[in-house]
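**Student:** Let's have the full structure, built from the sequences with the hints guiding it.
Top line first, the protein sequences correspond to chains L and B. My numbering puts the first residue of the first sequence at 10, with every later residue one more than the last. My numbering puts the first residue of the second sequence at 241, with every later residue one more than the last.
Just so you know, the hints here were simulated from the structure itself, not pulled from any lab data. All values derive from a computational prediction rather than experimental measurement. Check the hints yourself; a few may be wrong.
With a straight-line cut-off of 25 Å between C-alpha atoms, the simulated DSS-like cross-links for lysine-lysine are [stated by the list, open to error]: (1) Lys298/B <-> Lys35/L; (2) Lys303/B <-> Lys35/L; (3) Lys354/B <-> Lys27/L; (4) Lys751/B <-> Lys62/L; (5) Lys137/L <-> Lys503/B.
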Amino acid sequence: MMQFMLLFSRQGKLRLQKWYMAYPDKTKKKIVRELVTMVLSRKPKMCSFLEWKEVKVVYKRYASLYFCCAVEPDDNELLTLEIIHRYVELLDKYFGSVCELDIIFNFEKAYFMLDEFMLGGEVQETSKKNVLKAIAAQDLLQEDTDEPKSILEEMGFTVGS
Amino acid sequence: MSDIMERTLASLPRLLSSSLLGGGKGGQAAGPRQTPPPRGLQALLKAVDNARSRSEEKDIVRKELSQIKQQLEQPGATAAQWSEIFPRVVFCSVLGYDVSFSHIYAIKLAAKGKGRDKRMGYLAATFLLDQTMELAILIMGTLQQDLHSSNIFDNLMALSAAAELVGSEIIPHMLPPVVKLLRHRQALVREKAVHCIQAYFRRAPSLMQHTLPEVKGMLGDKDPGVLSAVVTLLASTVEQNREELVSLGLPLVSILQQVRARKFPSSYDYHGIPLPWLQILLLKILAHLGSVDDQVAASLLPLLSQILTDPNSKELVSLAVVSECLETIATLAKSSGGLTAAESNAGKAEQLQTEGVVVHGVGGGALSAAGPEELGGSNGGGEGFQDSGQSRNSRQIDCRTDQSRVGKSGPGELSGLNGRRREELLTKLQPLLLEASKCVARFLSSGVPNLLYLGIRSLTQLVSVAPELASHHQGAVVQCLDDLDPVVRRQTLNLLHHMANPANVKVVCAKMLEQVQSKGGDVGLQGDVADMVCDIAGRLAPDPLWYLNTLFLLLSLPLEPHRLSSLSNNMLTFFTKAAQDPSWPAFPEELFTAMVNAVQDSDSSPLSQFALKVLRFVPLSVRKAVSGDKFLAGCDRLLTCENLEGKEGVVLCVQELLLRGCLQRQDVIQWVRASLERCEHFTPRQFRQKLKELLAVASLHGELSSLSTQGSARAMDFSLSFLDSYAADMCHKGKPFLKTQQYTPELNQPAVQEERPSSLISLTSQNSSSTPRSGGSLYKDTSLCESSSLGVGESFSLLSPTNPLQGFSAARKLWTKEGFQGDADVQQSNFSPPVESTRADRGMGSEADGENAKPDSLDEKEELAKALFQGLSPSGPLSTPMATSSSHVPMTTEVKSLSSASSSSTPFVSSNSMTTSSQDKLVASTADLFPSASSPVVTTRPDSLAAIDGSFQYMNDSAAMTDSSLFELPRCDSGGWKALHAGHTGSGHNMETSETDLQSTATQSTATVTSEHLASDLGSSSNLSISDDSLDNVRDLSYQNSPARKPVPQSPGAGGTQFESTVDSGFPDVQGSTYSQNLHEQMEDMDNSQTAAEREGGSGGLYDVFGEDAGSESLSSGLQESAGSLYSGFEDLTLYAGEWEEEEEEEEKEEEEAGEERCIQADGDTDRNETQPSDVFGDPVLSTLPTSPAK
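**Tutor:** Here you go:
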């Protein structure tokens, strides 16, 4: 099970954080600080895994962004790397060649994506197509549900009831 | 669901073209690329990005947050407005600012918003809250509502939020709607519901058990997403529910088969690999189920081999599957009983293993007799008191010893497994393991850092079940040890940890330490290495010296405090154990030296803290002088910068050493006074009180130790070998049991009772004047021991006057078989130099190997020295792996300091005969190391050696103890003291030792053992220090006795009488009264001295000296114990005496013959002794005595 996921820039600026375990705010800050320093100090030729305290940290760098996950020690590290990769793929598909700015300015969308992809620390939906579909369907939602109602109902949804 | 989604996507262009959403707020849904972020957020982001400093950013954010707060609090704000605000709130929160004011609005937004606003509300709520927050309960109503909603988007959002925000107490309330959604018609909803239940399973497994059947039923779901969700749930609970899930084993195997056969939609492929997440989860579950059910395991094996040999496993994710497969194989192999030796993974001590074997043997026997039905029962019985780790060990051993029983008698198994099938499984696993090893080789040779890491990790798992596999990857592993990546190195160390066995443990530990020392490494790595080294060193240490060295290196690392304390506790346990192990001689000596040195050298480092602990708590058999000024200086340093606890530890340690006779009282008194002055106002009263107590002890101790240096240093033979002759004598006279009335008048009236008036204390305080016959036995003892250990008899030739000897001989007439012959010898010895008298004394008795012993012991010493310093010198084989380690320094420097001290013959060093003996030891042991050692030391050597020989022989010749009666008191004392001490230290083993010794005294083998023991102590020092112990003991007894039983200590003799009565109750025999009288005499004296001490020091807290160590032992009960142990010893002796008698007689005759010859040569030795420069013994205490040359 994933404990938390962090996205931070090469400068160490935190762009996104998702915690699947309840930590006090202070601990969170401490963890972020320590982990960011540690990951940034790693050299490119080193492996993507870190054993850190009680967790195993798996990180990967995409362009200027570091994706960093903490998983339990008996979780599969390579698979966690694939989780990161799949998430990046999803973002890429959604934003169309994703870049750091997309995540900065539309970070809530990155969260929505993550919530569709993972739930409670486990990968929820492994099919890329399904995740994208679900996100697209949600994006169609209106705060004012009058107009899309007919179409959604036509599609089988019963929005607003 | 997917078809709905497809339709949604298909309808998207239509939606866009019809600009259904165009009328919305900026057409957000037209595509994320085109979506400009809300203006407020954009501005904030830019402002923060442009902030030049942290404070500027703070200002911006603070301003923003107050603005946000205003907007949120505005009455009549719509959900849409809030929805626009929350991204900014989340952003500020990510930046690390406190946004707790907004929590309630997030909850409100989730409740009152619709569609996208609700989504934003839930996002903010899950982001800002967590299940532990009290506020989270406010969202439960909304969650309930949305879970019951007929709108699937509401359901989906609520399920996502419910998985994160519902704490374990609320789960029961939230569960019904979630369970209901398990049967929702939309696959996506079912999937999320299963995930939500999975999250609850993690949080409160006990509350969730009833949902398991329903979830299990969902394995048949058509949708791969739901199936994956169910398998995820099963994987997270399989460890707790193996029995319940074991029936799912075969269906799961078939699912895995279908996945491998690509029976699922290709949309679930990931980089061409079908459902890798599902595969890995299935492997995880099946590893667990396969280890309890071999049908599952058997059907899984072909799949495993298929995965391992998959030709197109180039993709990273397929390697993930492969690595999971390796783990599964390792788990299966482990559960099927381990294929090879258990040592690799047997984390438990060996005793546990043997225990397991014993249990097993019983179980197996029952099995073969009663048939398979009984098996479960017997296994269950075995399991009842074994934890799983143990049972695993025992099973592994079983495997080795009896292959046919492997499957049957595994107590860890849940079901009665078919042994044959299990065996088949084992044979089938063999090739798989080899295949796995090949896979590891591929990983290791890939050159990709990630794969390298994985390879090492997988190898670690494999090695723990099949250690021989490690040998296939030697090169790669060694290379990984020097990898650039610390993570890989760390993993490799972990591998080494699992590979460690008695043969390679030294190299392994050396490598580990090298990693932390040479490559720096962070605190975490150091801690891990410390743990690992501690583990394997404690488990596999071939010898304690090496252990000592290794763990010293660990202590020198900058470890975290909690780790240090656990480390030192670990070491203490080890040392306490090792000190009891007779197969590891000379260890306490080395330990002692090292510890003393550690205190001297280091500044309040953990090492010195630890050293203090060891010196206090570990039962060291060593009695050896400490270079006092340096040691105390070290203690001073500790006092200046340690916490109170540490300070008290220092004081208690000094006290302990003082009581053991390892420190000079003068030094201690000076030191305490200095410390008291220094810390007068700044330290708590407790600490000062401790110091004062120490002062009192020291001043009291001084009186006693002056006795020991001049007169009453009694040779303590812990084997109580003096009783041999007594017992033999008694038996010889045909009186197996002696009555008190018969012997008391004869024995004690002349020797003890008459002489009572001149008490011990007078001897103690005034040496030269103490010539009366009183305490003749004590004098005699003293002269013998002193002469033998000092090597020169001048100082106490006067102190062993004629009268005592006459008393002594009188007593001996009664007590020994040798009778008058011995007496004559002794009297003769009054005119010859004392050492000669010693010799003669011994010669008369049994000169077992007096002459031979001398060169022997010399050689022995040299060898011992070599052995001692082997592990410390860089060239020593022990330390070759850590030639650069710093731990060698302490030992050598100590030798250096001691040698320099002794060569300069400072008053301190030479003040004490024990120091002389340490000189001897030094000479012997450092002759090679320090050729420059000055000549005075060298000249003392032969004489001292001769003396040591003497003392050795004297101590060990149990059969020839002609003067045993005279030794009786002190010796029994010492036994009692031991018992007491055992009570004090709480270890209890000392008492056993003394009892054992008592029982086996008369056998010659004991003498040998004792001599070995003494040899390991380098002999000479033991005499005096032990006698010191006995003195301490006597004093202790008096301490314990008088205040406890006698409210007015000023009345002399009262305590003694009390004591007598106590002892009497334990001694109905003649011994009892003898001892009691002797003791009485001493007690009286001690009482006096103690009274003085009490007046002087106000030592109400003196009990703390021992109370500290003991914790709970009541002093008087300790006394009783000592009496009891003594008594039991005598009983045994009397019983066995008859058996020994004949043997002894023969031995004694032989020894007598041999002894007379050697006596002459021994005289030659003592002649040389006399020529020794007296300044070596220019001891302040002795020099105050009116000593006159023996000639």
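**Student:** With reference to the structure, classify each hint as holding or not holding.
**Tutor:** Checked hints:
no., hint, in the structure
1, Lys298/B <-> Lys35/L, "18 Å, holds"
2, Lys303/B <-> Lys35/L, "23 Å, holds"
3, Lys354/B <-> Lys27/L, "24 Å, holds"
4, Lys751/B <-> Lys62/L, "23 Å, holds"
5, Lys137/L <-> Lys503/B, "18 Å, holds"
Consistency with the previously given hints is maintained throughout, with no hint failing.
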